[in-house]
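Construct the complete structure from the given sequences, taking the supplied hints into account.
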Amino acid sequence: MRRKVTELEATDHVETGEKAPDFTRPLVNDEFWEDTALSDVLEDGPVLLIFHPMDRAFPTTYVYNALKERSILSGPAQVVGITISTPYDHARTIEDRGIEAIRGLYSDPKNEVAAEYGLAHDLDGMEGIEEPRLALYLIEPDRTVAFDWVAEAWPQFPDYDALEDALEAL
Amino acid sequence: MAEQTLDEPASVDADLTLYRLQGCPFCERVVRTLEDLDVSYHSRFVEAKHSERNVVQRLSGNREVPVIVDHNTGVTMGESPRIVKYLYKTYRNRGGD
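Protein chains in written order, with this note's numbering: chain Y, 1 to 170; chain X, 171 to 267.
These are calculated hints, taken from the structure and not from any lab test. Built from N, CA and C at the ideal position, the CB exists for glycine as well. It is possible that part of the hints are untrue.
Simulated crosslink set (SDA-like; lysine to any residue; CA at most 20 Å straight-line) [stated by the list, open to error]: (1) 19/Y x 115/Y; (2) 219/X x 193/X; (3) 110/Y x 31/Y; (4) 219/X x 86/Y; (5) 110/Y x 56/Y; (6) 68/Y x 56/Y; (7) 219/X x 115/Y; (8) 219/X x 29/Y; (9) 255/X x 201/X; (10) 219/X x 98/Y; (11) 68/Y x 141/Y; (12) 19/Y x 140/Y; (13) 259/X x 205/X; (14) 219/X x 157/Y; (15) 219/X x 96/Y; (16) 219/X x 92/Y; (17) 219/X x 233/X; (18) 68/Y x 58/Y; (19) 219/X x 242/X; (20) 219/X x 30/Y; (21) 19/Y x 141/Y; (22) 219/X x 97/Y; (23) 19/Y x 149/Y; (24) 255/X x 205/X; (25) 219/X x 194/X; (26) 219/X x 198/X; (27) 219/X x 88/Y; (28) 110/Y x 89/Y; (29) 259/X x 247/X; (30) 110/Y x 157/Y; (31) 219/X x 100/Y; (32) 219/X x 95/Y; (33) 19/Y x 42/Y; (34) 219/X x 232/X; (35) 259/X x 241/X.
Restraint-style ranges between C-beta atoms, simulated for each label pair [stated by the list, open to error]: (36) 201/X x 116/Y: 29 to 37 Å; (37) 112/Y x 184/X: 22 to 30 Å; (38) 19/Y x 264/X: 35 to 43 Å; (39) 244/X x 122/Y: 47 to 55 Å; (40) 252/X x 115/Y: 38 to 46 Å.
Next up, the structure:
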């Protein structure tokens, strides 16, 4: 078993089988950003929605590197990230990480979407800043959650094998 | 994975799509005109770095902003003085009420 560095408190988050809440935020791709609803993205097929720490945090880097190595970015689901970083940070991250194949990174500076999903995570000792806890949601076009993985410790990395099984089962 | 056509705005629930930069006075002039004329628009913010505005180049032939794509008329146009003139010509008398 992976050693847990800091246990996170249990949270009543959105789970597999439930309906993923819809939201609209600026969605950043490698060329521009614009307001986009999750439901609009779902019209083009299933979505892997990734809640992650700020862009330059090392867990974020590791997650996108892992998705790239496992070819999940060009898999059966559109990959969409969300965190509190600004559109400019997102644009740079897409370039720096070489993840142009991603559908986009949502910018949610107030962390409201994470709160709605039950995934808000305080940053110790940083007044006024919170970010999402690391979480993966595989969402069907009708917004049903087909798979979820939510961190129970900080830091903790996703179960990519389980994710790949869920992607295959789509 | 579904192919996304980046050159076509995802949302056509507005009269037009405006490609703009944050803090660009030429873009703000177009915004003001759109608001004066009560024309609905959808904003796409592009990179400040000129060399990375390929989406704009594909639309208009160069990397200058603002650029509008009018979903009612099919017109794609750059250069703010030209856009403002076009908007007045096209939308000044719309509705009329």
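Against the structure, the hints come out as follows:
1. 19/Y x 115/Y: holds, 15 Å
2. 219/X x 193/X: holds, 13 Å
3. 110/Y x 31/Y: violated, 23 Å
4. 219/X x 86/Y: holds, 16 Å
5. 110/Y x 56/Y: Distance ~17 Å between residue 110/Y and residue 56/Y Cα, so the pair holds.
6. 68/Y x 56/Y: holds, 17 Å
7. 219/X x 115/Y: violated, 33 Å
8. 219/X x 29/Y: Distance of about 15 Å is within 20 Å: holds.
9. 255/X x 201/X: Between residue 255/X and residue 201/X the Cα gap is close to 13 Å, so the pair holds against 20 Å.
10. 219/X x 98/Y: holds, 18 Å
11. 68/Y x 141/Y: Not satisfied, since the Cα-Cα distance of roughly 23 Å exceeds 20 Å.
12. 19/Y x 140/Y: Holds, because 9 Å separates the two Cα atoms, which is no more than 20 Å.
13. 259/X x 205/X: With Cα atoms ~15 Å apart, residue 259/X and residue 205/X stay inside 20 Å; holds.
14. 219/X x 157/Y: Violated: residue 219/X and residue 157/Y sit about 34 Å apart, past 20 Å.
15. 219/X x 96/Y: Within the cut-off at roughly 15 Å; holds.
16. 219/X x 92/Y: Given that 20 Å is the threshold and the Cα spacing comes to 11 Å, the pair holds.
17. 219/X x 233/X: holds, 10 Å
18. 68/Y x 58/Y: holds, 15 Å
19. 219/X x 242/X: With a Cα-Cα distance of about 30 Å, the restraint between residue 219/X and residue 242/X is violated, given a limit of 20 Å.
20. 219/X x 30/Y: holds, 12 Å
21. 19/Y x 141/Y: It holds: about 11 Å lies between the C-alpha atoms, which stays within 20 Å.
22. 219/X x 97/Y: OK: residue 219/X and residue 97/Y at ~19 Å, within 20 Å.
23. 19/Y x 149/Y: Roughly 15 Å between the alpha carbons, so the hint for residue 19/Y and residue 149/Y holds.
24. 255/X x 205/X: holds, 14 Å
25. 219/X x 194/X: Holds, at about 13 Å.
26. 219/X x 198/X: holds, 18 Å
27. 219/X x 88/Y: holds, 11 Å
28. 110/Y x 89/Y: Satisfied, since the Cα-Cα distance of roughly 15 Å is no more than 20 Å.
29. 259/X x 247/X: holds, 14 Å
30. 110/Y x 157/Y: The given pair, whose Cα atoms are some 24 Å apart, is violated under the 20 Å limit.
31. 219/X x 100/Y: Between residue 219/X and residue 100/Y the Cα gap is close to 17 Å, so the pair holds against 20 Å.
32. 219/X x 95/Y: Judged against 20 Å, a Cα distance of about 13 Å means the pair holds.
33. 19/Y x 42/Y: holds, 13 Å
34. 219/X x 232/X: holds, 13 Å
35. 259/X x 241/X: holds, 16 Å
36. 201/X x 116/Y: 29 to 37 Å: holds, 30 Å
37. 112/Y x 184/X: 22 to 30 Å: holds, 24 Å
38. 19/Y x 264/X: 35 to 43 Å: Cβ of residue 19/Y to Cβ of residue 264/X: about 40 Å, so the range 35 to 43 Å holds.
39. 244/X x 122/Y: 47 to 55 Å: holds, 50 Å
40. 252/X x 115/Y: 38 to 46 Å: At 45 Å between Cβs, range holds.
In this structure, the hints that do not hold are numbers 3, 7, 11, 14, 19 and 30, in rising order.
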